[in-house]
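Below, each chain spelled out in residue letters.
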Amino acid sequence: QQQVKQSPQSLIVQKGGISIINCAYENTAFDYFPWYQQFPGKGPALLIAIRPDVSEKKEGRFTISFNKSAKQFSLHIMDSQPGDSATYFCAASKTGANNLFFGTGTRLTVIP
Amino acid sequence: GAGVSQTPSNKVTEKGKYVELRCDPISGHTALYWYRQSLGQGPEFLIYFQGTGAADDSGLPNDRFFAVRPEGSVSTLKIQRTERGDSAVYLCASSRHSANTGELFFGEGSRLTVL
Chain A
1 QQQVKQSPQS
11 LIVQKGGISI
21 INCAYENTAF
31 DYFPWYQQFP
41 GKGPALLIAI
51 RPDVSEKKEG
61 RFTISFNKSA
71 KQFSLHIMDS
81 QPGDSATYFC
91 AASKTGANNL
101 FFGTGTRLTV
111 IP
Chain B
1 GAGVSQTPSN
11 KVTEKGKYVE
21 LRCDPISGHT
31 ALYWYRQSLG
41 QGPEFLIYFQ
51 GTGAADDSGL
61 PNDRFFAVRP
71 EGSVSTLKIQ
81 RTERGDSAVY
91 LCASSRHSAN
101 TGELFFGEGS
111 RLTVL
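Chains as they are written, first to last, in our numbering: chain A, 1 to 112; chain B, 1 to 115.
Note that these hints are calculated values from the structure, not bench results. Quick reminder that beta carbons are idealized off the backbone N, C-alpha and C, glycines included. Hints may contain errors.
[Unchecked claim] Per label pair, the in silico range of CB-to-CB distance: (1) B:T52 x A:P112: 45 to 53 Å; (2) A:D53 x B:E14: 16 to 24 Å; (3) A:D53 x B:G3: 29 to 37 Å.
With the hints as constraints, model all of the structure from the sequences given.
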């Protein structure tokens, strides 16, 4: 059973546009929601993370929006650049856990 | 090096053979994780070490898989009697804290192909 459901599977955006990737979860015990970025042949790298005590977190062009009641969170990439082309994974974990549950990934392509 | 180092980067083996994959974590990171990433999927948890001990091995798919970290630093993932379904990228990650409280630093992975 997929603990975190991610969509879309792939996304094509024009340079300068906004990229939006969505995730949903069922386990209300989850209290840590990171996003990881993965380039081909590389391991995932932490991009940005949020905890449920806030509804939004922004770091540069990257923003996480969090809706606790809907059990959904999303990644927004403003002014998308070709260098942002990568696979993005949302993830979730809970206090005391040793494991991150990852979504299935979104392959983002930013067209120049 | 400054990052998590994994060797080999690629391993091709035949069905039924034994394989060892090595992970050298970031110095000072007591937490070490193994994940498996199949094509087109997100990483799936296999095992977590805190220091030398396997604190959580609930993700290991069966008893053909085993991992050790004898001195609390380098870890080895061992797969016996490999099967074609074991083909995947095996990722190692390390962190200062648990997965819930801090960043996981991933290596580039070991791509295992079982023929």
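Comparing the hints with the structure gives:
Checked against the hint of 45 to 53 Å, the pair T52 of chain B and P112 of chain A passes, with Cβ atoms roughly 50 Å apart. The beta-carbon spacing between D53 of chain A and E14 of chain B, approximately 52 Å, falls outside the hinted interval of 16 to 24 Å. For D53 of chain A and G3 of chain B, the hinted distance range of 29 to 37 Å is satisfied, since their beta carbons lie about 31 Å from each other.
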